[in-house]
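Assemble the complex: chain P is given as a structure, and chain B must be docked to it using the hints.
Listed in order, the protein sequences are those of chains P and B. Just add 4 to wherever you are in the first sequence, counting from 1, and you've got our numbering. Just add 4 to wherever you are in the second sequence, counting from 1, and you've got our numbering.
Any given hint might turn out to be false.
Pairs involving identical chains hold if they fit within one copy or between any two copies, as the list cannot separate such chains.
Result set (BS3-like, lysine-lysine): computed pairs, CA atoms no more than 25 Å apart in a straight line [unchecked claim]:
# : residue 1 : residue 2
1 : K295      : K273
2 : K190      : K273
3 : K200      : K190
4 : K77       : K295
5 : K180      : K200
6 : K180      : K412
Hints were generated in silico from the structure; no laboratory data involved. None of the values given here were measured: they were computed from a predicted structure.
2 protein chains.
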Amino acid sequence: MLIPQTSTSLIHTLRLRRQELANLIDFPAILWSGSNSPRNFPANPFPFRASSHFLYFAGLPLSNAAIRLEAGKLELFIDDPSPSSALWHGEMPTREEIAQKIGADVAGPMAELESWVEDAATIAIQDAATWTQQTQLLNRWILPQSPPEGIDLELAKAIVTIRLTHDQAALTELRKAAAVTVEAHKAGMAATPQAKVEAEVRAAMEGVIIAHNMTTSYNSIVTVHGEVLHNEQYHHLLQPGDLLLADVGAETQMGWAGDVTRTWPVSGKFSSTQRDIYNVVLAAHDACIAKIHPGVEYGDIHLLAATVIAEGLVELGILQGNPQDLVEIDAHALFFPHGIGHLLGLDVHDLEDLGDLAGYEEGRERSDRFGLGYLRLNRPLRPGMLVTIEPGFYQVPAILNDPNLRSKYQNIVNWQRLSEFADVRGIRIEDDVLVTTEGSEVLTAALPNSASAVEDLVN
Amino acid sequence: MLIPQTSTSLIHTLRLRRQELANLIDFPAILWSGSNSPRNFPANPFPFRASSHFLYFAGLPLSNAAIRLEAGKLELFIDDPSPSSALWHGEMPTREEIAQKIGADVAGPMAELESWVEDAATIAIQDAATWTQQTQLLNRWILPQSPPEGIDLELAKAIVTIRLTHDQAALTELRKAAAVTVEAHKAGMAATPQAKVEAEVRAAMEGVIIAHNMTTSYNSIVTVHGEVLHNEQYHHLLQPGDLLLADVGAETQMGWAGDVTRTWPVSGKFSSTQRDIYNVVLAAHDACIAKIHPGVEYGDIHLLAATVIAEGLVELGILQGNPQDLVEIDAHALFFPHGIGHLLGLDVHDLEDLGDLAGYEEGRERSDRFGLGYLRLNRPLRPGMLVTIEPGFYQVPAILNDPNLRSKYQNIVNWQRLSEFADVRGIRIEDDVLVTTEGSEVLTAALPNSASAVEDLVN
Chain P
5 MLIPQTSTSL IHTLRLRRQE LANLIDFPAI LWSGSNSPRN FPANPFPFRA
55 SSHFLYFAGL PLSNAAIRLE AGKLELFIDD PSPSSALWHG EMPTREEIAQ
105 KIGADVAGPM AELESWVEDA ATIAIQDAAT WTQQTQLLNR WILPQSPPEG
155 IDLELAKAIV TIRLTHDQAA LTELRKAAAV TVEAHKAGMA ATPQAKVEAE
205 VRAAMEGVII AHNMTTSYNS IVTVHGEVLH NEQYHHLLQP GDLLLADVGA
255 ETQMGWAGDV TRTWPVSGKF SSTQRDIYNV VLAAHDACIA KIHPGVEYGD
305 IHLLAATVIA EGLVELGILQ GNPQDLVEID AHALFFPHGI GHLLGLDVHD
355 LEDLGDLAGY EEGRERSDRF GLGYLRLNRP LRPGMLVTIE PGFYQVPAIL
405 NDPNLRSKYQ NIVNWQRLSE FADVRGIRIE DDVLVTTEGS EVLTAALPNS
455 ASAVEDLVN
Chain B
5 MLIPQTSTSL IHTLRLRRQE LANLIDFPAI LWSGSNSPRN FPANPFPFRA
55 SSHFLYFAGL PLSNAAIRLE AGKLELFIDD PSPSSALWHG EMPTREEIAQ
105 KIGADVAGPM AELESWVEDA ATIAIQDAAT WTQQTQLLNR WILPQSPPEG
155 IDLELAKAIV TIRLTHDQAA LTELRKAAAV TVEAHKAGMA ATPQAKVEAE
205 VRAAMEGVII AHNMTTSYNS IVTVHGEVLH NEQYHHLLQP GDLLLADVGA
255 ETQMGWAGDV TRTWPVSGKF SSTQRDIYNV VLAAHDACIA KIHPGVEYGD
305 IHLLAATVIA EGLVELGILQ GNPQDLVEID AHALFFPHGI GHLLGLDVHD
355 LEDLGDLAGY EEGRERSDRF GLGYLRLNRP LRPGMLVTIE PGFYQVPAIL
405 NDPNLRSKYQ NIVNWQRLSE FADVRGIRIE DDVLVTTEGS EVLTAALPNS
455 ASAVEDLVN
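With the rest of the complex left out, here is chain P (with noise of 0.2 Å):
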């Protein structure tokens, strides 16, 4: 276990953090940071990934520990390394070490956990090991696929009150990972022209990531497929006509992620059909981050970039009828069917792992509008929050194809000019902004976006 280095800022953050929490609930809360989850043997595990409720009040990427919160105190529980653990993993830090760099109050093992677990609340942990052991000391059911009830429900408001919006150390670290990220993608722009496939693109990417001791922060997307949303193969030849997208970023040690998408072409060059696309696109991404403001709602922002998209393949002949008026009927979704965006913070879709409770403001439920039903953020904005901007346009063989949707939208789009821009199956480009007082801040904007931009970095 690594013990990064701290300074008494971590402490004054974490201090700053719970008292936050104890102005918005009064009762206690325990938060367990999980524990290894096997890959195909228990002694194999993937590579560990702490809870990232523990994570923005621990600070540290402790495995098998707790800490327990009330009126802005901190409690740590841990076991101290065993005497096997330093032949196998080195000399561990004591508890004690840990309690005093994270400004722990009382330190003390797992097990004095359970005589401080009455009245107190909790967030189920993604490992099965660990929600057990919740169920267990709790005496309730704690499962990650069950929505918070009672006083864990409490819990979970609370704290999607306070992350939803990022504090200052939570953006310097959200500003490393961002500029990893970028990095990353100007790595793989440049390694494309000796690249033969994905896969190459991809290592050329994810090393830069490794090298700077981070880790992705999702699996990564590199594929000339981008009609796929969710491509996880890395095995097709990049030809010279292909575009190539990639959906790549860096996590710190801390676990602060980045998440940005950038296509470009595999030879260096976009054909011109491929251009007016890519400037479609691009023009709804800048279009929505010049609408960032506080107080402007997600919502029109995703429907602010479905209209640019709208009037963009109007103008190119691709969609028939008044912008507004397609994306009334949804026509804008049959070429990018899912959401503007989302929150980005300690989870790359910060806190989905309490479902919609952090991306839809209480009241609001998700819509079943084709349209509208990916979008996984629909609340004003408030400045410190962070969100992706990330318009795409697809052409998905099961949308276009479907007898469904190509009857409904028969004489709305024009297929036989549609077939002219067969070679942009997948155009997304991601940015992640930040809303300030003033509008945003583009945390990514070093990573030119523009068509010519993109083209001098892949030669």
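Quick look at chain B alone, frame taken from chain P:
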């Protein structure tokens, strides 16, 4: 999900494997593939890894699937992809297409499995969603942490018997894993002169693995603190006098593992003390491989390594006494505290999900001797077994500063002389060795291991 290129030879291989199983058990077996393990939230899972037992008999890394094996027949249970999965994950092969690829006699949706469970044995899968399903369908506790009982134990023993030795199809995959593992190590050595921290060397090594569209078969060890046996930290600066120990292996898409360790000087030049110890470890490595032959006890190979290390340390003046006697009193284990190796196959410690069922011949148990307790394999060798040979020398503070051990070995170790070797914290040399009818074949022989060859690869 990826359906890699297959051929009739896959169908043939799987049929032979089923037939072997049918020769050993007279009841049906159901093997689940497993499902995604969530990382920080369910929609952000760790990369999927199918269960090794499933991979062995189904041949493809399908998720959320099960096969039923009875009397040489293969029944496949998997759901057809949903329409929304086509949007997010692309066009997936249908159940029928998969069934055809693997030569299934019957294929149906997962819901049908329920009516096929009677008298069926199984093996617990690591992820909670799957072992919960196994437990419900079979109406008995199937837990990865509980040793199998009854027909489940009979099934486990039969599978151990079959998987202990590798068929040609397995060896083809294992050679691929070995080749990419070798290439990764060469890249790590070549990247060292330009690298400032361990993480950069790790990036070069894992980059090779990712570029070949493979994954690491375990969490990489790339460290200047080789004395920490399972070190998963990568932040240390590389200093000119350091040795870098890299234990990194590639795993093919079908799940077959490589597992190699090399130790090289950061400067490209071993110091004379480092070279002396390196050559002791290499002598043990070579002696063990020379001894590998059908019928030889793997435990004797471990003792041979211990003896050669003891001899070398006596020659260097670090230990005092007769090497055989030193091994009898576990003096070698002060510096070589782990076993000489383990089975290698679909798992990097092959079949270790079944505890010592595969590693230890029936009726044998782990020793409680300091120098033998970590031995993972204790069986006579047979042609077709693949094992690692990985002797090492480490100065582990937790061992060498232990007051009990220090007093026990007070007059055995020349502590003064030992202090001259302070620049040797940890050295391990590991190769993957196939037992053949004639003796052995080193699958990773393309990676040099002599001190001078290693120096050449760094420079």
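Q) For the identical chains here, do K190 and K273 meet the 25 Å Cα criterion within one copy, between copies, both, or neither? A) within (16 Å within a copy, 34 Å between copies)
Q: Tell me, please, which holds for K180 and K412 at an alpha-carbon limit of 25 Å: within, between, both or neither?
A: neither (46 Å within a copy, 50 Å between copies)
Q | Same-copy or cross-copy closeness of K77 to K295 [CA-CA at most 25 Å] | A | neither (41 Å within a copy, 62 Å between copies)
Q | Alpha-carbon proximity context of K295 and K273, limit 25 Å | A | Neither: 30 Å inside a chain and 59 Å across chains, both beyond 25 Å.
Q. Can you tell me if K180 and K200 fall within 25 Å by alpha carbon in one copy, between copies, both or neither?
A. Between copies only: 19 Å across, 31 Å inside.
Q.
Cα distance capped at 25 Å. Does K200 pair with K190 within a copy, between copies, both, or neither?
A. Cα proximity of K200 and K190: in one copy and across copies (18 Å, 21 Å).
Of the numbered hints stated above, those contradicted by the structure are hints 1, 4 and 6, listed in ascending order.
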